[in-house]
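Input sequences plus hints: build the corresponding full structure.
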Amino acid sequence: MTLKADGVRPLVSMREITKKFGGVTALENVDLDAYAGEVLAIVGDNGAGKSTLIKVLTGVYQPTSGSITLDGAPLSMGSHSDAIAVGIDAVYQTLALADHLDPAANMFLGSELTKSFLGFKFLDNKRMRMEAERVLFERLGVRLKSMSVGTESLSGGQRQAVAIARAVYHADLRVLVMDEPTAALGPQETARTLTLIKTLRQQGLAIILISHSLDDVFAVSDRIQVMRRGRRAGVVQTASSSQQEVLGMIVGADAAAA
Amino acid sequence: MTTTTNNPPVSAQKSINERFEPYLSIIAPLSMILMVLAFMAIMEPARYFRLSNLEIILLEAALYMPMAMAMTFVITLRGIDLSIGSVAALSGIVMAFLIKQFGVSAEIAILIAIAFGALLGLINGLVITKLRVPDLIGTLAMDLVYRGFALVLAKGLVLARFPEIVTEIGRGQLSWFLPIPVLIGLTVMIIGYFALRRTWLGRYTIAIGSNPEAAEMTGIAVDRYKIYAYTLMGAMAALAGVMLTGKLNAIQATSAPYFNLHTIAAVVVGGTALFGGRASMLGSFAGVILLSMMINALVTLRIEFFWQSVASGVVIIASVALYTWLLTKDRDGAGGLLGSLSTPEGQKTLRFIGVIAITLAALLALGFALTGDPSPSG
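Quick mapping for you: the protein sequence lines, in order, are chains A and B. Counted from 1, the first sequence has number 232 at position 232 by the numbering used here; the numbering is strictly sequential. Counted from 1, the second sequence has number 354 at position 354 by the numbering used here; the numbering is strictly sequential.
Keep in mind that the hints were calculated from the coordinates and are not lab data. Remember, predicted model here, so these are calculated numbers, not experimental data. Warning: the hint list may mix true and false statements.
Just a sample of chain B residues kept apart from chain A, beta carbon distances all over 12 angstroms, derived [stated by the list, open to error]:
(1) ASN249
(2) PHE306
(3) VAL355
(4) ALA361
(5) ALA369
Per the computed footprint, the stretches of chain A lying under chain B, defined by three or more beta-carbons under 8 angstroms from a beta-carbon of chain B, are [stated by the list, open to error]:
(6) 107-116
(7) 119-129
(8) 221-228
Have a look at the derived ranges for each label pair, beta carbon to beta carbon [to be verified]:
(9) ALA221(B) <-> GLN244(A): 45 to 53 angstroms
(10) LEU113(A) <-> LEU178(B): 35 to 43 angstroms
(11) LEU131(B) <-> MET147(A): 35 to 43 angstroms
(12) MET147(A) <-> PHE177(B): 34 to 42 angstroms
(13) TRP307(B) <-> ARG127(A): 35 to 43 angstroms
(14) TYR23(B) <-> THR69(A): 35 to 43 angstroms
(15) GLY72(A) <-> THR187(B): 58 to 66 angstroms
(16) ARG127(A) <-> GLU164(B): 41 to 49 angstroms
(17) GLY22(A) <-> ASP223(B): 26 to 34 angstroms
(18) GLU213(B) <-> GLU16(A): 28 to 36 angstroms
(19) ILE317(B) <-> ARG127(A): 37 to 45 angstroms
(20) ASP215(A) <-> ILE317(B): 44 to 52 angstroms
Each residue gets a CB set at the ideal place from its N, CA and C atoms; glycine is no exception.
This is the structure in structure tokens:
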């Protein structure tokens with residue numbers, strides 16, 4: 001089933017995932033394997049089940065049936081925070097930034113660093129700023145012009161970097177899901193985001209990229225999983241495939257490719 | 001998000017905007033303060049620029065400082081509290097009754113009043129978060145409730161003559177220049193300044209106001225922090241009620257009628273956005289001083305007290321409109337107010353304004369053409 005033949009165990013694998021919403025079957029017996037140090041792209045038409053699949057993976061939805069294993073151990077998640085606790089996090093298209101707060105405040109939102117003063121705990125803005133600067137530079141190679149302005153005044157790519165930095169700050173992050181990271185970006189910003197993805201892949205993360213842009217998918221991914229009508233239409237190695245072939249699988253014109 | 005443009009003046013203007021944006025909340029009230037100063041320097045310099053008058057301005061401002069501090073939090077998380085005038089009056093009356101009817105010591109009665117105000121604020125917060133009543137309607141209705149209780153308790157009575165500690169809080173003087181209420185107000189504002197930057201309350205208040213969905217997703221207890229903000233607001237309104245009681249050495253059920261709009265005006269003119277997320281404690285402080293100066297100027301010019309209400313309203317509209325305009329990122333192709341009126345849609349609005357004006361003028365003309373003997377009401 002898996003296309004990686006060299007005996008490497010997938011970091012995370014989903015087996016026969018089915019998700020029903022009432023009478024509607026959003027996913028039917030879908031498998032997914034993601035390896036450390038690899039970018040897996042998920043493509044498919046609207047309503048093909050991409051979002052549902054990653055929401056199951058990130059604990060937002062619970063599957064109707066099927067199993068998920070992380071590093072060979074079975075995984076059951078009741079919520080998104082369970083997923084974060086085991087090292088699976090997602091960066092959404094909306095980025096979920098509070099744009100009036102500076103990058104550091106956003107990165108640490110909900111898990112602020114503190115220091116004690118007269119027995120009271122106060123936010124340690126200075127340390128958060130230094131940490132944020134360090135993570136942005138060391139993990140993502142990004143240096144922001146100013147760390148003290150709200151993220152609203154940053155460019156789309158820089159805001160993306162802040163959102164990614166928030167996910168990778170947790171030292172035990174192992175799987176990063178990126179939902180349409182380039183959808184709202186211009187060509188330059190897109191190129192920068194793709195570079196970020198490659199940087200993270202080198203650091204050994206398993207990256208799952210959801211995108212509508214086949215150009216981006218072919219530029220950065222190692223394997224492509226095609227979804228169609230709630231099923232896995234097929235998985236291809238990016239290097240030995242073509243946009244034509246993948247497009248055929250998305251629309252279902254070339255059944256032989258699956 | 002940003003538009004690319006080849007028009008150099010526009011981009012130059014944008015960079016100026018960007019440079020001034022962080023300081024906007026302090027520049028706007030400061031420039032208005034300067035305008036008031038300049039105006040008064042021409043109109044009534046002798047009576048306005050006196051040390052005793054400065055003290056009056058500060059005393060008036062001090063009353064609003066605690067409320068402006070708390071209102072900065074409430075407005076930043078996209079809320080609003082219209083009930084603070086009633087909370088202040090009711091808390092003041094509760095304190096008065098405790099001292100006068102039950103012989104509770106004044107120190108404890110003051111603390112009870114503030115805690116009682118916190119409870120009223122907590123109720124506001126619960127109404128908004130648990131009963132899901134929108135802030136505006138919720139606090140407006142609670143304003144009626146609290147004012148009603150104040151009237152029930154005090155009837156038409158004016159409760160007056162309080163122990164020294166109450167009047168000290170309201171108008172006392174330290175041996176040096178600074179009046180005690182000003183000291184209280186400044187302390188509260190400084191605490192608020194640090195709370196906004198250095199505590200979870202401040203951080204989450206901004207996050208919630210900036211992006212409620214993101215705040216929720218990050219695991220922030222949105223409702224709980226809203227309740228905290230409204231509770232703080234209630235406590236600070238009660239503190240203002242105690243200060244007012246001390247200042248006048250009297251309290252009645254109808255006291256503090258315009259606390260809500262006056263405080264909102266001060267906070268909004270200070271650059272805290274009604275749309276949430278943008279907070280400025282320093283701006284709120286400058287806003288309080290500005291409003292106090294304006295009202296003092298009206299008094300100095302011997303203009304009727306009732307114009308205060310007009311002034312507060314105009315300040316709110318003017319500052320919200322100004323900030324909205326200043327913070328509009330993309331101003332390309334829009335010719336401002338005149339430009340928006342010259343579009344077909346604007347033409348229709350203009351015609352509508354014309355119809356209303358002509359109808360009113362015609363009715364007035366008709367009324368005066370058919371006048372009989374005036375019938376005085378009493």
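Now the hints, each set against the structure:
1. In this structure ASN249(B) is separated from chain A by more than 12 angstroms, as the shortest Cβ-Cβ distance comes to about 36 angstroms.
2. Look at PHE306(B): its CB is around 38 angstroms from the nearest CB on chain A, clear of 12 angstroms, so calling it non-interface holds up.
3. The beta carbon of VAL355(B) is kept farther than 12 angstroms from every beta carbon of chain A, the shortest such distance being approximately 42 angstroms.
4. Even its closest Cβ contact with chain A, about 47 angstroms, leaves ALA361(B) beyond 12 angstroms, as expected for a residue assigned away from the interface.
5. Consistency note on ALA369(B): stated as away from chain A, and its beta-carbon is indeed over 12 angstroms from all of that chain's, at 58 angstroms minimum.
6. Beta-carbon proximity to chain B at under 8 angstroms applies to 3 residues in the stretch 107-116 of chain A; the threshold of 3 is reached and the given coverage holds.
7. Coverage of the stretch 119-129 of chain A by chain B holds. Counting CB-CB distances below 8 angstroms, 3 residues qualify, and the rule asks for three or more.
8. Counting residues of the stretch 221-228 of chain A whose C-beta sits closer than 8 angstroms to any C-beta of chain B gives 0, which falls short of three, so the coverage hint is violated.
9. Distance hint for ALA221(B) and GLN244(A): a CB-CB separation of about 51 angstroms, consistent with the stated range 45 to 53 angstroms.
10. Roughly 37 angstroms separates the CB atoms of LEU113(A) and LEU178(B), a value that falls within the hinted 35 to 43 angstroms.
11. The given range of 35 to 43 angstroms is respected by LEU131(B) and MET147(A), whose C-beta atoms sit roughly 41 angstroms from each other.
12. Judged by the Cβ atoms, the range 34 to 42 angstroms given for MET147(A) and PHE177(B) holds: they are separated by roughly 41 angstroms.
13. Checked against the hint of 35 to 43 angstroms, the pair TRP307(B) and ARG127(A) fails, with Cβ atoms roughly 51 angstroms apart.
14. For TYR23(B) and THR69(A), the hinted distance range of 35 to 43 angstroms is not satisfied, since their beta carbons lie about 55 angstroms from each other.
15. At roughly 60 angstroms, the beta-carbon separation of GLY72(A) and THR187(B) lies within the given 58 to 66 angstroms, and the hint holds.
16. Taking the beta carbon of each, ARG127(A) and GLU164(B) are about 47 angstroms apart, inside 41 to 49 angstroms as hinted.
17. At roughly 29 angstroms, the beta-carbon separation of GLY22(A) and ASP223(B) lies within the given 26 to 34 angstroms, and the hint holds.
18. For GLU213(B) and GLU16(A), the Cβ-Cβ distance of about 33 angstroms falls inside the hinted range of 28 to 36 angstroms, so the restraint holds.
19. Between ILE317(B) and ARG127(A), the C-beta spacing of about 43 angstroms keeps the proposed range 37 to 45 angstroms intact.
20. ASP215(A) and ILE317(B) have their C-beta atoms about 50 angstroms apart, which keeps the hinted 44 to 52 angstroms range intact.
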